[in-house]
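Trainee: Protein chains in written order, with the numbering used here: chain A, 1 to 52; chain B, 1001 to 1735.
Calculated directly from the structure, the hints in this document are not laboratory data. Where hints are given, some of them may not hold.
Footprint (simulated), chain B over chain A, 3 or more residues, beta carbon under 8 Å [to be verified]: (1) 3–15; (2) 21–33.
Mimicking BS3-like on lysine-lysine, the simulated pairs with C-alpha atoms at most 30 Å apart in a straight line are [what the hints assert, rightly or not]: (3) Lys1198(B) / Lys1581(B); (4) Lys26(A) / Lys1198(B); (5) Lys1581(B) / Lys1725(B); (6) Lys1725(B) / Lys26(A); (7) Lys1603(B) / Lys1145(B); (8) Lys1603(B) / Lys1725(B).
This one's a predicted model, so the numbers in the text were calculated from it and none came from an experiment. Just so it is clear, CB atoms sit at the ideal spot from N, CA and C, and this is done for glycine as well.
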Amino acid sequence: MTAAGWLIMIFGVGGMTALLGWCIYKVISTPGSTEHLHSQADIETPDTVDDR
Amino acid sequence: MSQPLTGSKESWATRVGVILAVTGSAVGLGNFLRFPGMAAQYGGGVFMIPYVVAFLLLGLPIAFVEWSMGRYGGAHGYNSAPGVFRAVCGRRWASYLGMLGPLIPVVIYMYYVFVEAWCLGYAWNYVAPYLGAGTGLDLGDNPEKYNAFFERFVGMNEHGTAFSPGGGQALIFLGICFVLNFYLIYRGLQKGIEWFCKFAMPALVLCALIVLARVLTLGAPMPDKPEQNVVNGLGYMWNPAHQPENLAPGDKAVQALVYRSTFDAASGTDDADGLGSFTIENPQAVAWALDQTGWKRRQPGRKPPDTAPANEPPPVLAGRYANRESPILLTIDGDQARFRGLDLLDSGGRLTLDNAGDEDETVAKLLAMLPVDSAGVERDEKTLRAFSIRRPGAFREALGAVGWEHVGDGKGLRGRWQHEESRLVLEVDGSEAAVSIPTFLETLSNPEIWLAAAGQIFFSLSVGFGIIITYSSYMRRDDDVALSSLTAAAGNGFCEVALGGLIVIPATFVFLGVSAVANPPGTFGMGFVSLPSVFNQMGDLGPLFGFLFFFLLFLAAVTSSLSMLQPAIALFEEGLGIGRKASVAMLGFVTLMGSLFVVYFSKGLLALDTVDFWVGAVCIYIMATIQVIIYGWVLGIDRGMKELDRGAEIRLPRILGFIIKFVSPVYLLAVFAMWAVNKLPGRLKAVGQVEEGQPPVVALSLGLIVVVLIFFVLIITRANQRWDKQESSETGVSP
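Based on the provided sequences and hints, a complete structural model is requested.
Mentor: Following this line, the structure appears as structure tokens:
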């Protein structure tokens, strides 16, 4: 493995880990953020509610 | 409409739950299986350059765009991509720009569910031995056995294998996955998947971290192949280029050849002229490798051994085999070989067969394990059995692929190599060959690597799919899209780069060698052939971790595949005015036909890889381009940034507007134009290239995509009629 390879690996893995860490920090430290954050998994489509 | 998370006081559990739900919702097969395949295909570390650039300049900005565009369309009463485009542009025709919105997730679902079935099947095969249901994946130390297991499992050796009697388990597991997906979506239970994200997602990451720790401590587990070690495996994944200037003369140059070809055994030294000389112990593998990896013989020399003349009907190859000792000794055209690496051999390398006394069966069984089209087996008057094979080229190729060992005169081929700028010239037994090894910049100048990197970013972030645009249309106007999409992207990136990239490629390199990394079994297949060897190295806990990893990956895939169905369901409901259950039933029929197509044309996973390239890379790329142009230039960047800021939990930098309006579209259009000029003609030419006696799978795969596209255009036309009526009744003006 070359020096450039080590650098790319460290920056690639480190960068992604740091970005995820920052996002987690923002979610935890921002009051009320959990009420407005959403993902595909927690969005219930209205048609499923209608069908039940 | 989505339900807000309630509770005036946010507990830690709530916050952690939200983080896990957001990061976990988009994690799937793209992170752990597709990314390593793409990185290996495009040179490892050099792929990371366009990958990171695409993440920052395309993935994140277009994720913001798609979330806010969907929320905007939802506020105007539209849930499907065509409807949202119509709302944003204010034009009827704009809905047709969104036709890829339902097409992409539906077509991707057709093969994604097949890969999902592999995960479930592998999880089952780890528990099967404990339930008395066969040996499953308890295959011992030989990595080739896991390779052979995968090929049999997915039917890689012949089309229609899954449909033949006893043709493998893939069809059974596909059926289970299909029924499970459509049951959940039919009953409207997909929200229960949120539970998975909160509990099983951390388990998957934890399991992956343990597997990663084992991979990084593997060292060089193959005693006879010390060069296959973890550091070299990491080097394949992360080194920016395998270019000559990185290499000292001698064995490193030979390693460079090895990187580009498929033979494993080579030793090199320097001579006084600065030329390296080497001995390769497997001349058949060299000849095959030269042909397969783009080497062109510059001077007519002695024909490489066992190379069939091009464009001539191959002669019938006569052979004999003796079962006098194990392993089987095979003689082909006077050249002797013996088999190893097949799962017929025990840990001592001895052949054990229930019907070992029946030589015909032995040969038939050996041949059945190889991708040989036909073989006749007959008895001769002696104790040896003779056989003939109509396609000796394929047979030799197959022998090489399964690790046959040459036991000829022991001298091997002798040759020299010379370094000519960015070319390595190889001389083998007086015949000279040259291969161009692209430099770092040459590799980066290939537009296809930029297209593929952008496609991978879009695939793993679910951007350009039409999925986010549909789901975000159900959000409230003041729900956050900025921190949500950034957190989802960061979770994806972490799983992909820090876990997928560090586990699968090094593991494949260590156990199966560089040839398996350079020629992965399909875009998704690499993890399936290499990870079982890692689990095998984990002792008694190996089967447990093998089961957990593949089962959790299966669950992650279920969350993704369920979300792929919603965009088309939304369009059916809007366009045809039918209910959810009728929409699900119709979609079930369409996707089932497509999945069966992909499963049937399983030889070399050609249908899967073809559809994955044209839809999973090209169509997603086009859809993302359309979205960012509409957002930046039709909706307008001022309105667009206001939309993004609405309800945002973080303040996005203002430069984002500039990136969305100028940088992303120019980037996307420039790369696409270069790809279209340089690579598209070759891709289109490949459509017409069909191996003799084989079905035109590439053309049929493109036909499948076109048929589905026409289907959705018809639905959009019908939807426009309904939307026109709806608008005219609201405004009192005829459309």
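Trainee: Could you run down the list of hints and mark each one as holding or not?
Mentor: Verification of the supplied hints:
{"no.": "1", "hint": "3–15", "verdict": "holds (count 8)"}
{"no.": "2", "hint": "21–33", "verdict": "holds (count 10)"}
{"no.": "3", "hint": "Lys1198(B) / Lys1581(B)", "verdict": "holds, 28 Å"}
{"no.": "4", "hint": "Lys26(A) / Lys1198(B)", "verdict": "holds, 19 Å"}
{"no.": "5", "hint": "Lys1581(B) / Lys1725(B)", "verdict": "holds, 24 Å"}
{"no.": "6", "hint": "Lys1725(B) / Lys26(A)", "verdict": "violated, 45 Å"}
{"no.": "7", "hint": "Lys1603(B) / Lys1145(B)", "verdict": "holds, 19 Å"}
{"no.": "8", "hint": "Lys1603(B) / Lys1725(B)", "verdict": "violated, 49 Å"}
Hint compliance for this structure: hints 6 and 8 are broken, all remaining hints hold.
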